[in-house]
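Can you build the whole structure from these sequences, using the hints too?
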Amino acid sequence: MSLLEIKNLHASVEGIEILKGLSLTIDPGQVHSIMGPNGSGKSTLSRVIAGEETYKITEGSVLLNGKNLLDMNPEDRAREGIFLAFQYPVEIPGVSTKYFLRTAVNSIRAHRDLDELDAYGFLKLVKEKAAWVQLDPALLDRPVNEGFSGGEKKRAEIFQMAMLEPTMCILDESDSGLDIDALRIVANGVNQQRSPERGFLVITHYQRLLEYIVPDVVHVLLDGRIVRSGGKELALELEEKGYSWIEQEVAAGA
Amino acid sequence: MCIKTLDNVCPLCDSIDALAAKSMGDQRRAACERLHELGWPSKNDDAFKYCNLKEAADTAWHLGPNATADRGELAAFDIKGTDVRLIFVNGRFDAAASSDLPEGVRLLSPMLNETHLDRVADFSDDPFAQLSTALVEDGVLIEVPDGQSLSKPLHIVHLSSPDADPIASTLRVVIRLGRNATACVLESWGGTGPALVTPMTEVELKEGAKCNHARLVEHDDQTWHMGGIASRQAAGSTFESVVLTVGGRTVRTIAHASLDGEGAHAALRGFGIGDGDRHINSRILVAHMAPGCTSREIFKHLLPDQSSAAFAARIFVNHGAHGTDAVQTSRNLLLSPDAKSWSRPELEIYADDVKCTHGATTGEIDPGALFYLRARGVPESTARALLAWAFAAEVINEVPLQSLRSHLARRILAQLPGAEMLDEGIVSL
Numbered sequence: 001m002s003l004l005e006i007k008n009l010h011a012s013v014e015g016i017e018i019l020k021g022l023s024l025t026i027d028p029g030q031v032h033s034i035m036g037p038n039g040s041g042k043s044t045l046s047r048v049i050a051g052e053e054t055y056k057i058t059e060g061s062v063l064l065n066g067k068n069l070l071d072m073n074p075e076d077r078a079r080e081g082i083f084l085a086f087q088y089p090v091e092i093p094g095v096s097t098k099y100f101l102r103t104a105v106n107s108i109r110a111h112r113d114l115d116e117l118d119a120y121g122f123l124k125l126v127k128e129k130a131a132w133v134q135l136d137p138a139l140l141d142r143p144v145n146e147g148f149s150g151g152e153k154k155r156a157e158i159f160q161m162a163m164l165e166p167t168m169c170i171l172d173e174s175d176s177g178l179d180i181d182a183l184r185i186v187a188n189g190v191n192q193q194r195s196p197e198r199g200f201l202v203i204t205h206y207q208r209l210l211e212y213i214v215p216d217v218v219h220v221l222l223d224g225r226i227v228r229s230g231g232k233e234l235a236l237e238l239e240e241k242g243y244s245w246i247e248q249e250v251a252a253g254a
Numbered sequence: 001m002c003i004k005t006l007d008n009v010c011p012l013c014d015s016i017d018a019l020a021a022k023s024m025g026d027q028r029r030a031a032c033e034r035l036h037e038l039g040w041p042s043k044n045d046d047a048f049k050y051c052n053l054k055e056a057a058d059t060a061w062h063l064g065p066n067a068t069a070d071r072g073e074l075a076a077f078d079i080k081g082t083d084v085r086l087i088f089v090n091g092r093f094d095a096a097a098s099s100d101l102p103e104g105v106r107l108l109s110p111m112l113n114e115t116h117l118d119r120v121a122d123f124s125d126d127p128f129a130q131l132s133t134a135l136v137e138d139g140v141l142i143e144v145p146d147g148q149s150l151s152k153p154l155h156i157v158h159l160s161s162p163d164a165d166p167i168a169s170t171l172r173v174v175i176r177l178g179r180n181a182t183a184c185v186l187e188s189w190g191g192t193g194p195a196l197v198t199p200m201t202e203v204e205l206k207e208g209a210k211c212n213h214a215r216l217v218e219h220d221d222q223t224w225h226m227g228g229i230a231s232r233q234a235a236g237s238t239f240e241s242v243v244l245t246v247g248g249r250t251v252r253t254i255a256h257a258s259l260d261g262e263g264a265h266a267a268l269r270g271f272g273i274g275d276g277d278r279h280i281n282s283r284i285l286v287a288h289m290a291p292g293c294t295s296r297e298i299f300k301h302l303l304p305d306q307s308s309a310a311f312a313a314r315i316f317v318n319h320g321a322h323g324t325d326a327v328q329t330s331r332n333l334l335l336s337p338d339a340k341s342w343s344r345p346e347l348e349i350y351a352d353d354v355k356c357t358h359g360a361t362t363g364e365i366d367p368g369a370l371f372y373l374r375a376r377g378v379p380e381s382t383a384r385a386l387l388a389w390a391f392a393a394e395v396i397n398e399v400p401l402q403s404l405r406s407h408l409a410r411r412i413l414a415q416l417p418g419a420e421m422l423d424e425g426i427v428s429l
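Chains as they are written, first to last, in our numbering: chain S, 1 to 254; chain Z, 1 to 429.
It is possible that part of the hints are untrue.
To be verified - In the EDC-like style, the derived pairs of lysine to aspartate or glutamate whose C-alpha atoms are separated by at most 16 Å in a straight line are:
1. Lys22(Z) to Asp138(Z)
2. Lys210(Z) to Asp260(Z)
3. Lys153(S) to Asp181(S)
4. Lys54(Z) to Asp277(Z)
5. Lys98(S) to Glu424(Z)
6. Lys98(S) to Asp138(Z)
If you're looking for bench data, these hints aren't it; they were derived computationally from the structure.
Please read all numbers here as calculations on a predicted model, not as lab measurements.
This is how it looks when you write it as structure tokens:
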């Protein structure tokens with residue numbers, strides 16, 4: 001069975017259709033990448049999968065391990081295994097990252113019929129996973145994302161992903177605003193989490209990230225639809241030639 | 001309060017007469033007279049516009065009976081790290097339940113005539129401040145000489161404990177610190193049953209003195225809490241005060257802070273959580289009388305159910321108080337469609353070269369932050385509670401003593417809708 005199966009997905013916000021019949025299938029263990037120009041619907045796709053309620057789904061289906069995600073609220077999707085690494089992580093003053101994550105980890109564990117982690121077990125896990133993205137554990141005593149640099153925020157997202165052990169990870173421009181060292185650290189953190197059961201959907205503008213997180217499939221998203229799919233070499237071609245040649249080919253074909 | 005009941009008698013007036021025969025005769029009688037002039041505040045009275053006092057107005061208040069504190073009830077007010085606790089019930093000292101008085105701390109009851117109450121601020125337009133003066137039987141005088149410190153935080157607990165009749169009670173806390181002296185004073189106000197309490201705290205700080213003050217309002221929902229805080233500061237002194245409302249029916253605080261000496265600093269803060277139709281009302285005056293003083297006001301309220309909050313605050317900058325730096329903030333988070341809030345900032349400035357800012361916001365939980373938490377598997381109700389806490393934390397984190405912050409967290413989480421999964425570990429910053 002496929003891990004994530006999206007069929008003919010139509011989504012709109014404030015009456016404007018953003019996704020116009022998007023289909024995509026990801027098998028366990030695969031890394032898919034979505035590239036596309038600004039406004040093509042990349043972030044919308046990630047948020048629709050995660051369950052943001054501002055988007056209205058007018059048609060289509062999204063299944064995770066055969067379960068209909070569109071019937072679920074965002075927290076249930078997360079418990080079923082969806083994780084979205086946000087492009088712009090939210091700052092939450094007054095709540096430490098550790099406390100917030102303990103709440104999140106234990107809600108997800110309860111859903112999976114696992115016992116709550118005790119303080120010792122939790123801190124051990126925090127230490128181990130923070131090391132994956134070279135995140136200073138002292139940072140985790142600070143309020144969620146508050147006063148974090150751009151790079152720290154992105155690393156913290158990948159760290160949270162490692163803590164929550166999702167099955168389907170969506171990275172929304174996790175490379176934006178990162179210098180080359182930070183990019184390597186983020187990519188390394190993601191690669192540590194690759195496994196035969198886990199799938200990844202990597203949304204990015206730039207081929208550079210895909211040198212470090214090597215995708216099995218690259219898709220081009222244009223005007224709310226996937227118009228081309230290929231291997232990792234497609235990303236190189238896009239880097240070289242931009243999107244206009246695909247736009248022209250699609251226009252000619254239509 | 002002094003109102004005529006159906007039988008045309010006011011039980012409190014008789015009590016005030018009896019008290020006046022023993023101490024502060026002229027002062028009590030003058031306060032009682034002023035009370036009669038002012039009358040019971042109505043909704044048309046601007047200073048009480050949002051306080052719904054009708055039910056309190058229709059109540060015949062009595063002076064509380066002599067009573068002692070119930071040990072079980074007292075345990076709920078324990079705050080670790082405050083070894084010195086002075087317990088008062090219905091305005092009177094409960095020696096058996098209290099610690100020994102530490103050095104520099106005395107009871108007011110034997111010295112009411114000599115202490116010169118009400119010399120810090122003019123509350124003559126406030127009927128509840130008058131009531132407080134008319135009814136005061138006891139309290140605490142904290143006098144710390146130049147250069148010395150009150151060794152430990154002093155915790156004053158007042159319980160109202162009515163028997164058959166609804167009661168009015170009060171307590172006076174007088175803090176007088178010498179040059180560079182320091183003190184930390186916590187007040188807890190609790191009790192069950194119908195009560196009208198009028199706490200009054202007066203603070204006088206000499207040059208360079210530092211006073212940290214917190215007032216916790218933890219009554220049940222039958223208590224009208226009409227309190228006051230008056231402070232007067234000499235040059236270079238610091239006064240930090242916070243009123244934390246986690247109980248009570250109507251909780252009103254008038255505060256007058258007068259920055260009399262150059263470079264004095266005052267921080268007045270407030271946090272309150274609503275419950276049912278609780279109303280939290282703050283009326284603040286910060287007067288910058290001398291150059292180079294700083295003041296910070298931040299008041300935040302979490303408002304579920306039909307609760308409401310009103311904030312009216314004035315910054316006064318006197319002629320010649322140049323270099324004034326004053327910030328005033330009022331923020332409310334509405335957690336229900338029936339909750340309400342009002343904010344009224346006022347600036348009155350007679351000096352040049354001053355920096356005065358004020359901001360007032362009323363809002364709801366940010367949907368973006370809510371989605372972020374839910375997308376991490378946190379249930380919606382818990383996520384809302386977590387964000388409500390995050391809103392409050394800016395004030396809570398400034399509260400003195402870790403144990404007091406934990407105590408507050410327990411009280412707040414117990415009243416915050418959806419907080420069942422959260423615990424006091426949330427105070428981890």
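Hints versus structure:
The straight-line distance between the Cα atoms of Lys22(Z) and Asp138(Z) is roughly 13 Å, inside the 16 Å bound, and the hint therefore holds. Between Lys210(Z) and Asp260(Z) the alpha-carbon distance is near 15 Å, which keeps this suggested pair within the 16 Å criterion. Taken as a hint, the Lys153(S) and Asp181(S) pair is honoured in the structure, with Cα atoms around 15 Å apart against an allowance of 16 Å. Restraint check: the Cα-Cα separation between Lys54(Z) and Asp277(Z) comes to about 14 Å, which is no more than 16 Å; the hinted pair holds.
Taken as a hint, the Lys98(S) and Glu424(Z) pair is honoured in the structure, with Cα atoms around 14 Å apart against an allowance of 16 Å. Restraint check: the Cα-Cα separation between Lys98(S) and Asp138(Z) comes to about 47 Å, which exceeds 16 Å; the hinted pair is violated.
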